[in-house]
Amino acid sequence: MALDRWIALAFIALCCVFGYAAFFTMDDQLPPILRRNPVWPSTFPKILSVLGVIVGLVVLFTPKPESKDEAPKDGAIDLKRLGDYQIGQALGLLALMVAYALTLRPLGFLGSTIGFLVLGAVILGERRFHVLIPVAVIAAGSIWYLVQEVLGIFLRPWPGILM
Amino acid sequence: MLEGILIGLTAAVTPFNLMMVVLGCLVGTLIGMLPGLGPMSIIAIMIPVAIGIGDPTAALILLSGVYYGAIFGGSTSSILLNAPGVAGTVASSFDGYPMARKGQAGKALTIAAVASFAGGTIGAILLMIFAPALSTVALLFHSAEYFALMVVGLSAIAAFAGTGQVAKALMMTILGLLLGTVGEGALTNMPRFTFGMMDLQSGFSFITLAMAMFALPEALFLVMNPGRAATGSSGKISGMRFSRAEARSMAPVIGRQSVQGFFIGVLPGAGATIASFLGYAVERNIAKGAEQEEFGKGSVKGLAAPETANNAACTGSFVPLLTLGIPGSGTTAILLGCWSLSGSG
Chain Y
11 MALDRWIALA FIALCCVFGY AAFFTMDDQL PPILRRNPVW PSTFPKILSV LGVIVGLVVL
71 FTPKPESKDE APKDGAIDLK RLGDYQIGQA LGLLALMVAY ALTLRPLGFL GSTIGFLVLG
131 AVILGERRFH VLIPVAVIAA GSIWYLVQEV LGIFLRPWPG ILM
Chain F
98 MLEGILIGLT AAVTPFNLMM VVLGCLVGTL IGMLPGLGPM SIIAIMIPVA IGIGDPTAAL
158 ILLSGVYYGA IFGGSTSSIL LNAPGVAGTV ASSFDGYPMA RKGQAGKALT IAAVASFAGG
218 TIGAILLMIF APALSTVALL FHSAEYFALM VVGLSAIAAF AGTGQVAKAL MMTILGLLLG
278 TVGEGALTNM PRFTFGMMDL QSGFSFITLA MAMFALPEAL FLVMNPGRAA TGSSGKISGM
338 RFSRAEARSM APVIGRQSVQ GFFIGVLPGA GATIASFLGY AVERNIAKGA EQEEFGKGSV
398 KGLAAPETAN NAACTGSFVP LLTLGIPGSG TTAILLGCWS LSGSG
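Line order of the protein sequences matches chains Y and F. If you're matching positions, the first sequence starts at 11 in this note's numbering and goes up one per residue. If you're matching positions, the second sequence starts at 98 in this note's numbering and goes up one per residue.
It is worth saying that the hints were derived from the structure and are not from the lab. Virtual Cβ for every residue (Gly too), placed ideally from N, Cα, C. Hints may be right or wrong, so weigh each one.
What the hints assert, rightly or not - Chain F residues, not near chain Y, derived (Cβ > 12 Å throughout):
1) Ile102
2) Leu206
3) Leu272
4) Thr278
5) Ser340
6) Glu343
As the list claims (entries may be wrong) - If you anchor each label on the Cβ, the simulated ranges turn out as follows:
7) Phe33(Y) - Arg338(F): 50 to 60 Å
8) Val27(Y) - Gln298(F): 41 to 51 Å
9) Gly386(F) - Asp88(Y): 50 to 60 Å
10) Arg345(F) - Asp88(Y): 22 to 32 Å
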């Protein structure tokens, strides 16, 4: 099955979950006074989820037109040579970004940012730790100083238990 | 009216105020290049400096320069990195980045600068002529008119859909609207799809989504396919000039988009983002044959249109602010607050 049909299928699944939440759960906590309104918070999501399922089905079942140019465009992934790409590194970086977002509060800005920069560079193949660690410390430290001390925006540098 | 313009010019062309223009544009451009820092944040950062000057006129000039500079600066990271610095420059990356990939980064930056300057200047002329009349028109816009404007804005998505791709474009439009429903509902303030998370209370930030849609895939693709970095441009920015033929093809685009962007900017809540997307869509739709095919692949018109429109819209957003004291956007609200503090409000 072509990639766009997989995307359409995933989109229909998303719309079904979205629609379920809109139709059956969203209005539970709506105060009685607001229930008299013609438009509820769930009205627009309901319309969108139904429309989304219809459009997703159209994409899923519309025959794909014959393409004259089979060569992949610049910046597009060529699925035929997926094995040639360094997918492990990309997935590792994505996982690291999620971990960075999740550790920003518990570890503080400096701890999580230095960790992210060092581990990110390691994933990308850098092994000169004597260069890597000072660069990460200086980069994270100067951004923290700019935000906290110059602009006066609070940014907790260390974990809460240390402060 | 002429007398008023002359008084304004006399105040503006003093050496100190001219220095404030240069300083404001420079700071705005430099910080605007940083992805995620929009004009609102930059103006907020510059408030202490503006108030510290002690002269309300110079403060107004400085902050206006920062505003324009930030919008222009955002286009630099759009063109060079495919990472829009501000929301109003997302459309600039559609053709600016492909030009940079072809080794025409210098030309793309020059086109962005010329189009931004022309859009801002023509917008300023329109502001002087039409501001009093337009202020009343802006107030006539209510929910129904804004709904119609949003429908027009969404219909512009057709301009981005290739032949036979309309259903897919519609699918992505609905996905965008679905993401837009996350957060507090506008009518009742009831949280929707927030899962109890405070961070989702105000929904997804547009600039965060733009970064995730443009910059992140580009970075990950370079990681997956290191050879691609070598096939693109050398990284040097050279050849800042554009040809006479390109200037001729850009001129009508700049003329049209200055006017269109200005009038969209006048409407409170519309602003540079809608103006730039609509500008791109309009120019793509009226382009013919090969020129239309070129859109999205490094078209000169495709870059000039959003760049002109977003700067003209910035000028347009001053109309309700200067004539009625009503800020039409977050940025102009901060500007109004600062002018009040510095004694010019």
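These are the hints, each one checked on the structure:
Remark: the non-interface label on isoleucine 102(F) is consistent with the geometry, its nearest Cβ contact in chain Y lying 38 Å away (cut-off 12 Å). Every CB of chain Y is more than 12 Å from the CB of leucine 206(F) (nearest about 20 Å), matching its label as outside the interface. For leucine 272(F), the non-interface assignment is contradicted: its Cβ lies about 7 Å from the closest Cβ of chain Y, within the 12 Å cut-off. Distance check on threonine 278(F): its Cβ comes as close as 5 Å (rounded) to a Cβ of chain Y, failing to clear the 12 Å threshold; non-interface status is violated.
In this structure serine 340(F) is separated from chain Y by more than 12 Å, as the shortest Cβ-Cβ distance comes to about 23 Å. Residue placement check: glutamate 343(F) keeps its beta carbon more than 12 Å from all beta carbons of chain Y (closest about 22 Å). As the Cβ distance of phenylalanine 33(Y) to arginine 338(F) is approximately 59 Å, the hint placing it in 50 to 60 Å holds. Roughly 21 Å separates the CB atoms of valine 27(Y) and glutamine 298(F), a value that falls outside the hinted 41 to 51 Å.
The hinted range of 50 to 60 Å is not satisfied by glycine 386(F) and aspartate 88(Y), whose Cβ atoms lie roughly 29 Å apart. Between arginine 345(F) and aspartate 88(Y) the Cβ separation comes to about 38 Å, which falls outside the hinted range of 22 to 32 Å.
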